[in-house]
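Trainee: Take a look at the letters that make up each chain.
There are 2 protein chains.
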Amino acid sequence: MLTYSLDAKKGVLLYEYIYECIKKDILSGKIKAGTKLPSKRAFAENLGVSTVTVENAYGQLMAEGYIYSEAKKGYYATDVTGIEEYHSKNTTSPQMAGFARANDTEPQKYSVDLTSNKADSEMFPFTIWAKLLREVINEKREELMDKAPAGGIFELRRAISEHLMQFRGIEVSPEQIIIGAGTEYLYGLLIQLLGRDKIYAVENPGYRKIYNIYKSNNAECVYIPMDEKGATVADIEHLGADVLHISPSHHFPTGTVMPVDRRYELLKWANSAGGRYIIEDDYDSEFRFSGKPVPAMFGMSANDKVIYMNTFTKSLASTVRISYMVLPFELIERFKENLSFYSCTVSNFEQYVLADFIEKGYFEKHINRMRNYCRKQRDALIKQISESKIAGITEIKEEDAGLHFLLKTRLNISDEELIKKTADSGLRISCLSQYYENPKDAPQHTLIINYSGISEAKIPEAVRLLCECVG
Amino acid sequence: MLTYSLDAKKGVLLYEYIYECIKKDILSGKIKAGTKLPSKRAFAENLGVSTVTVENAYGQLMAEGYIYSEAKKGYYATDVTGIEEYHSKNTTSPQMAGFARANDTEPQKYSVDLTSNKADSEMFPFTIWAKLLREVINEKREELMDKAPAGGIFELRRAISEHLMQFRGIEVSPEQIIIGAGTEYLYGLLIQLLGRDKIYAVENPGYRKIYNIYKSNNAECVYIPMDEKGATVADIEHLGADVLHISPSHHFPTGTVMPVDRRYELLKWANSAGGRYIIEDDYDSEFRFSGKPVPAMFGMSANDKVIYMNTFTKSLASTVRISYMVLPFELIERFKENLSFYSCTVSNFEQYVLADFIEKGYFEKHINRMRNYCRKQRDALIKQISESKIAGITEIKEEDAGLHFLLKTRLNISDEELIKKTADSGLRISCLSQYYENPKDAPQHTLIINYSGISEAKIPEAVRLLCECVG
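Sequence order for the protein chains is L and E.
Take the first sequence: its position 28, counting from 1, is numbered 27 in numbering that gives the first Met the number 0, and each next residue is one higher.
Take the second sequence: its position 387, counting from 1, is numbered 386 in numbering that gives the first Met the number 0, and each next residue is one higher.
Please note that the accuracy of each hint is not assured.
Where chains are identical, the list cannot tell them apart; a pair therefore holds if satisfied intra-copy or between any two copies.
As the list claims (entries may be wrong) - Once the Cα atoms are required to be at most 25 Å apart in a straight line, the calculated SDA-like pairs of lysine to any residue come out as:
hint, residue 1, residue 2
1, LYS71, PRO294
2, LYS335, LEU188
3, LYS208, GLN191
4, LYS29, THR2
Since the hints were derived computationally from the structure, they do not count as laboratory data.
Starting from the given sequences, assemble the full structure and let the hints guide the process.
Mentor: The following block contains the structure:
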């Protein structure tokens, strides 16, 4: 009978030790495939342990498949010759060896970063957020555990629909709103909804990330050139696009606001054939500094051809991953039919807190505060630039909305050299040309100045570094 | 010169009123395309308002594109004839009319639900969670605003890697771990990583949702039949699969634990050609009731062929959307190259809280508490069934792990009728056959009893309803 010395058992449970001994012998071939193991009781007596201990050891060996049982006959060793063969043929994995610690958690350090939209931690409403979280956790325990519908919890969708009515003049039912963990995620969902056989068009220049997302999802994606009003119907038709992805209220990075006549031309294009849609990416409409917000195209469309998207990642913090899209009725029906098996990607905790945050008026206050802050930042930065030595050799453009403006310079070096030069002195900037499909076709030497991500105290240093690099 | 009576202005700002008047006249054609508008100063004098008011009105009209300016000449009305044409051709949107209030927020009510994995709100560690949230909000304001790497914050990835080492015996570097808002989202990411040209294989029976996700992402997906040990290499090769998606530690719904010999056969298959991978979906490995956890295949693979996935949606709450995958080194490199442009889909707040929750030992305690709770639930339910009138005509199977067991009955009605019958009496159940590609090929009259989602107090009612329906 099998016998093991139990003296060698060190720091493991007795049943685990016996399990390990038998497993080792089966793997080494000492116990051959098909060998009958002793009965639990006899084996226990032989080892001087309780039957339960052997039972537990056999149980674990059974669970992992090293032995099997035959009813009323007993336990047998499994044929594991394939394992030995596997290990002899396959070299060990490189595992940790030679795998340098990834540096994605430690990006290059800059003393001033004019590319970031990162909210200043002074601006995030931590106190209110913490208070609402506490209330939600105290008062909504049942609801917090209830699975949300694919589109998100009703309370948040209702809050957003009321917000859209009040601040964007868009009248939508909460059911048309789909909540998701960031617009990037929602783009992926839209591709599943509209179809991978469609041709998607994005603006050139524009966020390259949007293009990358379409490509990464194997959807055909084309760049549409922009004239001074935005994308033209002629180009869209020439490129055979079905779905047009634009930011008519405030284009990044050019700052273009699409005028009303061009908007209707595009709506007419969308109406003139089936399956055409316009994705209106309204990512920073909250940040217009003068006058009323520009109306959304969604409200202009008579025939449900516009999908409206917006996000709280710009208005709250990029690290709070909540965005939404508003679907026309036809697409809501299709969404319910084809995609409602998905779970909503935002946790209930944050959905309930955000719903309260909007409904109790904190969001409006926060937006006003943010807008004032950004205006102040912009004004201070522009004032200091205009009083600096580069005032005469630079020109500021598109400063009326959003979280950035353009700074045209008269440099002779290439944009690539410029970015390297600024980086070397600790200033991170981006250039307009980086947002073009072909950077060589782009206006050169035009910096994009994102001012929402730097603190007021950093502005003099930012201007000093700008003077150093473009002066 | 343009003249408007300002008496009609009601409750709107003066500039807004002037803006509305001019806009209306441009849209109606009263002010024709190309007409020069009065200069701001002259117009202001004429209306008896300040120049700033006219400036604001013109500014808004400019922003929306109803007028345009020519340098040193003045302001002109835009050609908006396309708008009239658009509205005359397109009927008004159905909008809210006829759109019944979606009922996705109000699902059918059951008195007992044996299909749900919803955590009992008594079980969720609200107090600890709230405490950690408070600490994170107080102590990590800067970090909360810092954009996380695509794979998630380092602290959470490190906590998970330590947890995997301690509880699954898997040694991985934090950089191999990718955090995402639910496994469903991560499947979509994996398709982008591995390619849409691959053939993905899922187990039959199994979660239909996984199949749906592959299909919705236009990836070819095939069902692999299971024998008593799981999927076979013969079937996988016959169906030409490249990527095998399985749950070897505990298959849902059959409860099968894949034995060690079959595991190595599958690893050998994965090694024998390039581009082959095994996705190990370890969704409920925390809930094994007897013995040690079954080792993960990830740790057995010598050649980086296994992608490990797990989720906190089962162990914490389905409404906390945090899951992760562990990529082999080669795929981590590919992920960095191709997909690191994505933002992590889980908000920093929840990532930091979960990291603390794991690192401070609360997760281990919670899992133990959950396991005990589930074991108690299971024992009580099985005991009450075995003492009920259906004890003799039913058989309980696969009760050793996870959050469900199978209840074989001797009914003569179809599974469809059975589900309807139970639903009518307020009991929600699912049948094994519902998880088969072709329900007719499946074992009939076998109920899946998910016991994690009902409270202890509900067990007698659950058993009473079961007796009523299957007795």
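Trainee: Would you mind marking each hint as holding or not holding in the structure?
Mentor: Here is what the structure says about each hint:
{"no.": "1", "hint": "LYS71 x PRO294", "result": "neither (78 Å within a copy, 28 Å between copies)"}
{"no.": "2", "hint": "LYS335 x LEU188", "result": "both (12 Å within a copy, 22 Å between copies)"}
{"no.": "3", "hint": "LYS208 x GLN191", "result": "both (18 Å within a copy, 15 Å between copies)"}
{"no.": "4", "hint": "LYS29 x THR2", "result": "within (13 Å within a copy, 105 Å between copies)"}
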